[in-house]
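Student: With these hints in hand, go ahead and build the complete structure from the sequences.
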Amino acid sequence: MVESKQQWKAWLYLAPAIILLLVFTVWPIINTVAMAFMEDYSGLASIGGEATFRFGFGNFTRVVQNAEFQQALTNTMILCLITVPVSTLLALLIAVALNAIKPLQKALQTIFFLPYVTNSIAIGMVFAAMFNVIGSVGTRRPLISSYGIVNDLIRMFGGNWVNWINSGSEYWANMFVMIVYIVWNALPFKILILLGGLAGINKQYYEAAKVDSTPRWRVLTRITVPLLSPMLAYVIITGFIAGFKEYTSIVGVFGESMGPVHEAHRLNTMVGLIYDSLASNNQGRASAAALILFMIILVVTLINLRVSKKRVHY
Amino acid sequence: MKIVLQNLTKIFPPRGKNTSGEVVAVNNFNFEIPDGKLIGLLGPSGCGKSTTLYMISGLQKPSSGKIFFGDDDVTELSTENRGIGLVFQNYALYPHLTVKQNILFPLQNLKGKDKLDKNTMLDRAYEAAKLVQIEQLLDRKPSELSGGQQQRVAIARALVKMPRVLLLDEPLSNLDARLRLQTREEIRRIQKETGITTVFVTHDQEEAMSISDLIVVMKSGVVQQIGQPQDVYDDPANLFVAKFLGTPPINVFSGRVSQGMLYIGTDAVMKVAGVADQEVTVGIRPEGFHLDPNGTLCCKPVNVEVMGRDVSIVSTHDASLNPFVRSIINADHRYDIGDSVRYTIKPHKIFLFGKESEERIRIEVNSDGRK
Chain A
10 MVESKQQWKA WLYLAPAIIL LLVFTVWPII NTVAMAFMED YSGLASIGGE ATFRFGFGNF
70 TRVVQNAEFQ QALTNTMILC LITVPVSTLL ALLIAVALNA IKPLQKALQT IFFLPYVTNS
130 IAIGMVFAAM FNVIGSVGTR RPLISSYGIV NDLIRMFGGN WVNWINSGSE YWANMFVMIV
190 YIVWNALPFK ILILLGGLAG INKQYYEAAK VDSTPRWRVL TRITVPLLSP MLAYVIITGF
250 IAGFKEYTSI VGVFGESMGP VHEAHRLNTM VGLIYDSLAS NNQGRASAAA LILFMIILVV
310 TLINLRVSKK RVHY
Chain B
60 MKIVLQNLTK IFPPRGKNTS GEVVAVNNFN FEIPDGKLIG LLGPSGCGKS TTLYMISGLQ
120 KPSSGKIFFG DDDVTELSTE NRGIGLVFQN YALYPHLTVK QNILFPLQNL KGKDKLDKNT
180 MLDRAYEAAK LVQIEQLLDR KPSELSGGQQ QRVAIARALV KMPRVLLLDE PLSNLDARLR
240 LQTREEIRRI QKETGITTVF VTHDQEEAMS ISDLIVVMKS GVVQQIGQPQ DVYDDPANLF
300 VAKFLGTPPI NVFSGRVSQG MLYIGTDAVM KVAGVADQEV TVGIRPEGFH LDPNGTLCCK
360 PVNVEVMGRD VSIVSTHDAS LNPFVRSIIN ADHRYDIGDS VRYTIKPHKI FLFGKESEER
420 IRIEVNSDGR K
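Protein chains in written order, with the numbering used here: chain A, 10 to 323; chain B, 60 to 430.
None of these hints come from the bench; they were simulated from the model.
Please note: incorrect hints may appear among the correct ones.
[Said to hold, decoys possible] With beta-carbon atoms standing in for the labels, derived distance ranges:
no.: 1; chain 1: A; residue 1: L31; chain 2: B; residue 2: R74; range: 53 to 59 angstroms
no.: 2; chain 1: B; residue 1: D131; chain 2: A; residue 2: N211; range: 27 to 33 angstroms
no.: 3; chain 1: B; residue 1: Q148; chain 2: A; residue 2: W36; range: 57 to 63 angstroms
[Claimed, not checked] List time: in silico DSSO-like cross-link candidates among lysine-lysine, alpha-carbon distance up to 30 angstroms:
no.: 4; chain 1: B; residue 1: K359; chain 2: A; residue 2: K219
no.: 5; chain 1: B; residue 1: K359; chain 2: B; residue 2: K330
no.: 6; chain 1: A; residue 1: K319; chain 2: B; residue 2: K177
no.: 7; chain 1: B; residue 1: K125; chain 2: A; residue 2: K212
[As the list claims (entries may be wrong)] Residues of chain A placed beyond 12 angstroms of chain B at every Cβ, according to the derived structure:
no.: 8; residue: W17
no.: 9; residue: I39
no.: 10; residue: F64
no.: 11; residue: V105
no.: 12; residue: A109
no.: 13; residue: Q118
no.: 14; residue: A138
no.: 15; residue: L201
no.: 16; residue: P224
no.: 17; residue: I305
Ideal placement from N, C-alpha and C gives every residue a C-beta, glycine not left out.
Tutor: Set out below in structure tokens:
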């Protein structure tokens, strides 16, 4: 134990951080939990001194029963369950490939890392442009001036163009665009972490595998992946957490309407829903939704940790 | 399976942009390793012994020269297809696999007609484990094993696929002294039992001498001498080999041959027949000294070290190129060391080398076998 005389010094040095954390992190968390249980609470009304609310689980039941919440939860789940495995697998393959080549390795690394330093909204707008069909879509006699780069490619190979994101587009077309975007956006961080992990693997394991005439695929699955497992676990867990907080990507492609013009909010996510509730002066519902999201992330992370305990070596 | 190395050369290109500074790691190595023998590649670090081993394994490509396994030219053959077993210095056991899985790993890679069914694989793995006496450790992870046990697992993994050639890179360097002694006997036993042509690399001359059928002494990429350990020790080709083999190391003096007489400093040590007058470097093995009141070599004693069976007399001599002259004398009776100590030199324990060339200068041997 440090002597009590010395202790106040320690507290003094810690004070700036502690005060900031208390004001901007701890208090909001407590407040969120409290507000989640306050029914019919209005932040605006409470400023006017006319706050009327009662405690109860009303916010939770209303959130859960809300069709928009169910849609947002479904969207978030689909995005998570598809983008996390796909992006992890792709990142693994790209990292292994990058690690195996010598010439241009640094240049390629930089290219793969670019999305990480680029603003998501900007990337989203570029993606939107790539998939955008310009002209009147969905009318009886569509008048189209551009199908967008992606459709141009499809047409080049003799396919039919798809209405990806415009008015009248299908849900799965929208989802497909979002999945491509999120996977691409999630790659650089994962590649970086996995490349770091690969660099840490002793080259002798690969020489030993070579001496034992191990086929390439087996080297990847029996040596590389197990030895990378701590990094893979990290990448998967943080991937799920980021996936559940997906929001800006949708805004980037579809704007604040969170969906194509004819079906606004169709692609809303959990975080989007929380923002919507806040915007409509419904702090209680927003807090309840935030707590539900927190619980989901907690459970998924615990499951992840549980699985990785069995699968991660040393 | 005999291994033939033909004009084997490895040149590493210079690092960085300046074109000078390429390193000749192995220079024109010619040797035929006889079938079923244990060969020790011996030399100080950087002498090219490991590079030679890795060229035999195929992990490194020779710059020129050829390698044959039996009559097959394997120079262009990749490591995967050479059928070798290699034990790495740090063992390179897969840390996430158990001992059993580690030993099974090479067998599971077999394809086509060599493919084994599960039970055969398990039998073979168990057999290999038994050979190195680790059959009770099969379910452990490498991290749960001692260095010596890991070493055995590595040997079992190398042997399980019945390689044509077994290669060991500094197999004992990570073990403590006692374990090293025990393990080197073990390696000898395993090699004898399996009869696999084995090449191992070491910088420890004692290790190489004690278990090898033949040793190859290397320096700066050039083979200095090849022969049976005792022959190389008793008949070194040059000063480097003489200095490198033997503990305690050989005593080196600067000397002079004049009219058939060898002088060390001012001491006229012995007659050397057939050697022209010249400056020489003289090597005398520590066991080559006889205490003799009328001896020809006179040293100033500094210290007597008692080692139980032997006594080691540490002394100085003006012409000695080492700080001390160390002689090992039988400890049957005690010796009182005075101000000076006189030795006669056993003729077969003294070697002459050219002062500049450091090559051996042979002394003519008389008909009665003495020099």
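Student: Determine for every hint whether it applies to the structure shown.
Tutor: Hint by hint, here is what the structure shows:
Checked against the hint of 53 to 59 angstroms, the pair L31/A and R74/B passes, with Cβ atoms roughly 56 angstroms apart. Look at D131/B against N211/A: about 31 angstroms separates their beta carbons, and that is inside 27 to 33 angstroms. Distance hint for Q148/B and W36/A: a CB-CB separation of about 58 angstroms, consistent with the stated range 57 to 63 angstroms. With a C-alpha separation of about 59 angstroms, the suggested pair K359/B and K219/A falls outside the 30 angstroms cut-off, and the hint is violated.
The straight-line distance between the Cα atoms of K359/B and K330/B is roughly 23 angstroms, inside the 30 angstroms bound, and the hint therefore holds. Distance restraint check for K319/A and K177/B: the Cα-Cα separation of roughly 25 angstroms lies within the 30 angstroms cut-off, and the hinted pair is therefore satisfied. Straight-line distance between C-alpha atoms of K125/B and K212/A comes to about 26 angstroms, which keeps the hinted pair within the 30 angstroms bound. Residue placement check: W17/A keeps its beta carbon more than 12 angstroms from all beta carbons of chain B (closest about 45 angstroms).
Once the 12 angstroms rule is applied to beta carbons, I39/A is consistent with being away from chain B; the minimum gap is 44 angstroms. F64/A, annotated as away from the interface, keeps every beta carbon of chain B farther than 12 angstroms; the closest lies near 52 angstroms. Every CB of chain B is more than 12 angstroms from the CB of V105/A (nearest about 17 angstroms), matching its label as outside the interface. With a minimum CB-CB distance of about 16 angstroms to chain B, A109/A clears the 12 angstroms threshold, and the non-interface call stands.
With a closest Cβ-Cβ approach of about 22 angstroms to chain B, Q118/A is found to remain outside the 12 angstroms limit, as its non-interface label requires. With a minimum CB-CB distance of about 45 angstroms to chain B, A138/A clears the 12 angstroms threshold, and the non-interface call stands. At the 12 angstroms boundary, the C-beta of L201/A stays outside the reach of chain B, the nearest C-beta of that chain being 23 angstroms off. With a closest Cβ-Cβ approach of about 7 angstroms to chain B, P224/A is found to fall inside the 12 angstroms limit, against its non-interface label.
No Cβ of chain B comes within 12 angstroms of the Cβ of I305/A; the nearest lies about 32 angstroms off, and the non-interface call holds.
Consistency note: the structure conflicts with the earlier hints numbered 4 and 16.
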